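Just so you know, the protein sequences line up as chains A and B, in that order. The opening residue of the first sequence carries number 196 in my numbering; numbering runs sequentially from there. The opening residue of the second sequence carries number 18 in my numbering; numbering runs sequentially from there.
Calculated directly from the structure, the hints in this document are not laboratory data. Note that the structure is a prediction, hence the values are computed from the model and not measured. Any given hint could turn out to be false.
To give an idea of the chain A side of the interface with chain B (calculated C-beta under 7 Å), a few residues [stated by the list, open to error]:
{"hint": "1", "residue": "VAL231"}
{"hint": "2", "residue": "PHE346"}
{"hint": "3", "residue": "ILE350"}
{"hint": "4", "residue": "LEU354"}
{"hint": "5", "residue": "ASN405"}
{"hint": "6", "residue": "PHE409"}
{"hint": "7", "residue": "ARG412"}
{"hint": "8", "residue": "ASP415"}
{"hint": "9", "residue": "VAL418"}
{"hint": "10", "residue": "PHE419"}
{"hint": "11", "residue": "VAL426"}
{"hint": "12", "residue": "LEU430"}
{"hint": "13", "residue": "VAL434"}
{"hint": "14", "residue": "ARG435"}
{"hint": "15", "residue": "GLY438"}
C-beta atoms are modelled at their ideal positions from N, C-alpha and C, and glycine is treated no differently.
Now for the letters of each chain:
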Amino acid sequence: MRAGGARPLAAPAVSGRAPHARPGLGRLALRSVFWVAISFAFWYLVRVSYLRILVAIGSLFLGWVPVEARPSGLLLERDLPDHPVYGRGFDLHVRRTLAQKGALSPQDPPALVEAQVRAEKERVRDEALGVMVLPDRPGPTPRLKGMSLHFNLIIYLSLFFAGLPGSLLRRARAALGGFPFLLIFQVLFLEYSIWDSLRAPAAPGTQSENVAFFEGRLRDVYVFLVSLVPVLIWLFHRVRLAGPSKQAAPNADSV
Amino acid sequence: MQRLLRVFRAHRESLQICGLFGGIIAAFFLITSIKPVYEVTVAPFTAVVAWVSTRFLEMGFDGVVRQGTIIRIEGGTPLDIKDECNGIYATFIFLAATLAYPARLVPKLIGLGGGFLAIFLVNQVRVVTLFVIAKNWPSLMEDFHIFVWQTVVVIFAVLLWLFWADRIAGRRSGPATPEGK
Numbered sequence: 196m197r198a199g200g201a202r203p204l205a206a207p208a209v210s211g212r213a214p215h216a217r218p219g220l221g222r223l224a225l226r227s228v229f230w231v232a233i234s235f236a237f238w239y240l241v242r243v244s245y246l247r248i249l250v251a252i253g254s255l256f257l258g259w260v261p262v263e264a265r266p267s268g269l270l271l272e273r274d275l276p277d278h279p280v281y282g283r284g285f286d287l288h289v290r291r292t293l294a295q296k297g298a299l300s301p302q303d304p305p306a307l308v309e310a311q312v313r314a315e316k317e318r319v320r321d322e323a324l325g326v327m328v329l330p331d332r333p334g335p336t337p338r339l340k341g342m343s344l345h346f347n348l349i350i351y352l353s354l355f356f357a358g359l360p361g362s363l364l365r366r367a368r369a370a371l372g373g374f375p376f377l378l379i380f381q382v383l384f385l386e387y388s389i390w391d392s393l394r395a396p397a398a399p400g401t402q403s404e405n406v407a408f409f410e411g412r413l414r415d416v417y418v419f420l421v422s423l424v425p426v427l428i429w430l431f432h433r434v435r436l437a438g439p440s441k442q443a444a445p446n447a448d449s450v
Numbered sequence: 018m019q020r021l022l023r024v025f026r027a028h029r030e031s032l033q034i035c036g037l038f039g040g041i042i043a044a045f046f047l048i049t050s051i052k053p054v055y056e057v058t059v060a061p062f063t064a065v066v067a068w069v070s071t072r073f074l075e076m077g078f079d080g081v082v083r084q085g086t087i088i089r090i091e092g093g094t095p096l097d098i099k100d101e102c103n104g105i106y107a108t109f110i111f112l113a114a115t116l117a118y119p120a121r122l123v124p125k126l127i128g129l130g131g132g133f134l135a136i137f138l139v140n141q142v143r144v145v146t147l148f149v150i151a152k153n154w155p156s157l158m159e160d161f162h163i164f165v166w167q168t169v170v171v172i173f174a175v176l177l178w179l180f181w182a183d184r185i186a187g188r189r190s191g192p193a194t195p196e197g198k
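Make a model of the complete structure from these sequences and hints.
What follows is the structure, given as structure tokens:
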């Protein structure tokens, strides 16, 4: 508190824009839209490779997942049609699904059937971004939504480039510095998803209603929790670079 | 250990604010995950979101019907507004960041009220847009629902907070005093 309620000295009137003047609201909004669009585009370009990296790292820690039926591996859904074992099961699944939809009939010539099956597999290869958890014994292969694991890359990049002060290089360096933490959290979320998909459901009557409610809610807000991590990492850098103690400095960068 | 302490001291302010932010978010989440609390806070809020969305949709479409949190229209896919779609989590992020950031009481109250309202309005745009997408382009629904709008609402909440921290909380010269927390 200032003694005697003295007002701070008013800044001298200057013409033109001061070197550290803050950009207007419109410019801020434009800058945000620009970086969100760039982040979406970047994510779209790297999404498959990035998911492969996450799956490769996640596979290293499968032995740590505390479930009885340990997973023997992870597989990108888009690689399923070519898998030597699970590919056959997928082939049958595609044929059965197409038949159920009425897209295939026993009267169709084999060449037409094969073409339709091939087209469906191509569609999966092009569109699917899920991760399959391969069990170590015969049984269902749980499917994880791979996109929710790595779409937070968009939030991360948008926040670091639109919401940090300083030059592009400085923001890029901050983004790179925080990236290992993002990767660690994404792998942790992947392991949680694997555990959640493989653990045996609680026997009826052994779990209280409140615990069941909490677990259901945790599953519901999974995407939210995943998107919270980049916010937390960004906030750390934001306060470090332009926190309350820095705002008093006359040459503090604006955002 | 000494090195860790040095790192901690160097980033004390960041760690304090981030820790407080994480703690408040966790508290919001844990408290609203208690079923009786959820039923008197989040559930009615979702009902309000559905009610307001229905009012907006009625301006552009005929035959919009709401049953609880489910909005439907003849010939379209019914939309059930759940916790991920009511904007409550983006609001949590904004409120927690505003509460955790050192600022005086008045700017903080302006931030809390204004931010809540702004996120509520953006979320209405989200629900109405999703309804239109579900009606006209159902194959795009999942991508827009989970990835595009989820991302946009979170980014909006954070950038709104940034605007508040930079322009409203940080408008006065000098660092905030502890009593302003």
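Hint check against the structure, violated hint numbers in rising order: The structure breaks none of the hints.
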